[in-house]
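J.: Chain residues, written in single-letter form:
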Amino acid sequence: MRNWVFWAVLVAVGLVFVVVSRLTIANDYFYFAGYVVLEYVVLATAWNILGGYTGYTNFGTGAFFAAGAYSSVVLFKLPPLLLATFNWTIPAMPLPVMIAVGGVVSGLIGLGTGYLTLRLRGVFFAIATLALSIVLQTLIVNWAFVGGSRGVFVIRPALAPLGGGYIQYLFSLMTLLAVIAVGIARSIERSRLGLGFHAIRDDELAAEAAGVPTLRLKLISTTISGALMGMAGAPLPYFVTYLTPTASFDLAYAVNSVAMPVIGGMTSWIGPVIGAILLGTLQQLGTVGFFLDLKLDPTFNLLIVGLLLIGFVIIAPNGIVGLVQSWLRRGEA
Amino acid sequence: MPEETATPLLEVKGLGKRFGGFVALEGIELTIAKGERLGLIGPNGSGKSTLVNCLCGTLHNETGTVAFAGKSLNGLIAHERTRLGLARSFQLPKPFHSLNLIDNIRIPLLYTVNARHRQHHLSAAAIAERCEELLSHVNLADKARRRPRDLTQVEMRKLELARAVATQPTLLFADEAMAGLSHSEIEEILAVLMRLNDEGITIVLIEHIMSAVMSFSTRLVVLVAGHKIADGLPQEAIRNPEVEKAYLGE
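Line by line, the protein sequences give chains E and W. The numbers in numbering that gives the first Met the number 0 rise by one with no breaks, and the one at position 93 of the first sequence is 92. The numbers in numbering that gives the first Met the number 0 rise by one with no breaks, and the one at position 124 of the second sequence is 123.
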């Protein structure tokens, strides 16, 4: 499928999804749960650009995600601060602007981290990204302006754009972000850039010898991946309305954004989407006690992810996409 | 043997490389003229691959200068040198194992040939055609859609060469392109290299298989323990007493 056709189909699917949901589903819980699943579609897709395509495992999803969330907090608190100190009046920032800013902030963090750590390979890079997460969390905890360790209240605007409640608005925005993330991932996959990423993943020395500027491409990869994670995090303060460092830097984000592409399949854009929808939905069902009959406590959520992850790594290292592909090939033979 | 032109294709002066306290290369002087077929030999650990790595930018030499077609290569990293026209194959083949053979060849075409000629890019169709052409030159056309894991040893070496040649080099380092191959397979690879040389590519052959080196090279350079001990016509170089000593003992 040509790239613009794919984008058109993707946008149409997103639009239909939002419109049909809004017309047929009144229950607010659907939008809460849907928001979280879509957020994971963005995070898993973003992770896969660096982890799946380029071959660098990032355990710092929480850092990029929270950086986006806290950049929104700063923008939220900026107008009252400016008014109090300099008597300047600036209008409250609309959420889409915050998302864009969150993307830029996390993209820059990605670029910086990339520059400092991309000389590290394999497990050492993974450890460095985990460390980044801890460093950033420590900074936020000690920064009183954004609430420090106590956390911060963010008040939603009284009126939500696009009609309906605020959660419906957040749901629509997250659908848009998912469309953007998946579109970008798929465009990269079919491009010269994507081929360069694959070359780096397979063998960096050979990639250099073939003329691939590996450092520049890795920086592009960390920047795009980080920016998308930041964009996914930017609406978080408005989703939870009370943001704390422990909630925003939650290890569950890192674990999930690794597990979802691994379980879905890392070679194609569809893998993280499948993984995110599957694991995200399972966890949402677990949270509301859907599995109580099976004597599964809601706190078993991450256990489901862990068990599935182990299972897939052992039995189907190429994920669901890999399973389907080999099944199709067997059908041909 | 082609005559030395005003500026040699490659000029190495006083090149030295250390790994901690170990001196891998010291005071290497080497001049390569355009169109030559140079054999680079030496016992294991004599620094042949280290020299290639320094010249191609995979490693950084601490001392000495390298000039390629009159342009200094100092400070240029590997992909920049590839784009200038310096290609290499690896001693242990390093194919892009998740990509099929066509994509393996497309990468140097996209990242080297197209990056070199920013004004007139190869179109997607031209690239596809070139991929097929390069693969058929090494008899891999029928496996174009396969992945490297489906290839035999000799085919892997051919892919390695095809990927290097795809960068349209003026100078090609073939690092042990024949190790572990059978006699007829060696002949096959030699024929490929000869044809490339006829097309105007200067070739440096790093090899242990003496019969192959002797029949291929127009000049021989011998490295022993990081020093160049001989440089000249192949028959004369191997009769050099120092070379005999290094290979056969005293």
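Hints are not guaranteed to be accurate.
[What the hints assert, rightly or not] If you anchor each label on the Cβ, the simulated ranges turn out as follows:
no., chain 1, residue 1, chain 2, residue 2, range
1, E, Arg118, W, Ala125, 34 to 40 Å
2, E, Leu107, W, Ser71, 52 to 58 Å
3, W, Arg145, E, Pro93, 48 to 54 Å
4, W, Ser181, E, Arg191, 35 to 41 Å
5, E, Arg189, W, Arg238, 53 to 59 Å
6, E, Gly305, W, Ala123, 27 to 33 Å
7, W, Asp230, E, Ala130, 47 to 53 Å
[Unchecked claim] Over 10 Å on every C-beta distance to chain W, these chain E residues come out as not near it, computed from the model:
no., residue
8, Val19
9, Leu194
10, Leu204
11, Gln324
Simulated from the structure, these hints should not be mistaken for laboratory data. Here the structure is a predicted model, which means the values were calculated and not measured. Don't be surprised by glycine CBs; every beta carbon is placed ideally from N, CA and C.
J.: Against this structure, judge whether each hint is valid.
T.: Here's how the hints hold up against the structure:
1. E:Arg118 with W:Ala125: 34 to 40 Å: At 36 Å between Cβs, range holds.
2. E:Leu107 with W:Ser71: 52 to 58 Å: 35 Å, violated
3. W:Arg145 with E:Pro93: 48 to 54 Å: 53 Å, holds
4. W:Ser181 with E:Arg191: 35 to 41 Å: 38 Å, holds
5. E:Arg189 with W:Arg238: 53 to 59 Å: 58 Å, holds
6. E:Gly305 with W:Ala123: 27 to 33 Å: Since E:Gly305 and W:Ala123 have Cβ atoms about 44 Å apart, the given range 27 to 33 Å is violated.
7. W:Asp230 with E:Ala130: 47 to 53 Å: 51 Å, holds
8. Val19: At about 38 Å from chain W, E:Val19 clears the 10 Å cut-off, so the statement holds.
9. Leu194: The claim is violated: E:Leu194 sits with its nearest Cβ about 6 Å from chain W, within 10 Å.
10. Leu204: 6 Å, violated
11. Gln324: 13 Å, holds
Of the numbered hints given earlier, the model fails hints 2, 6, 9, 10; all others are met.
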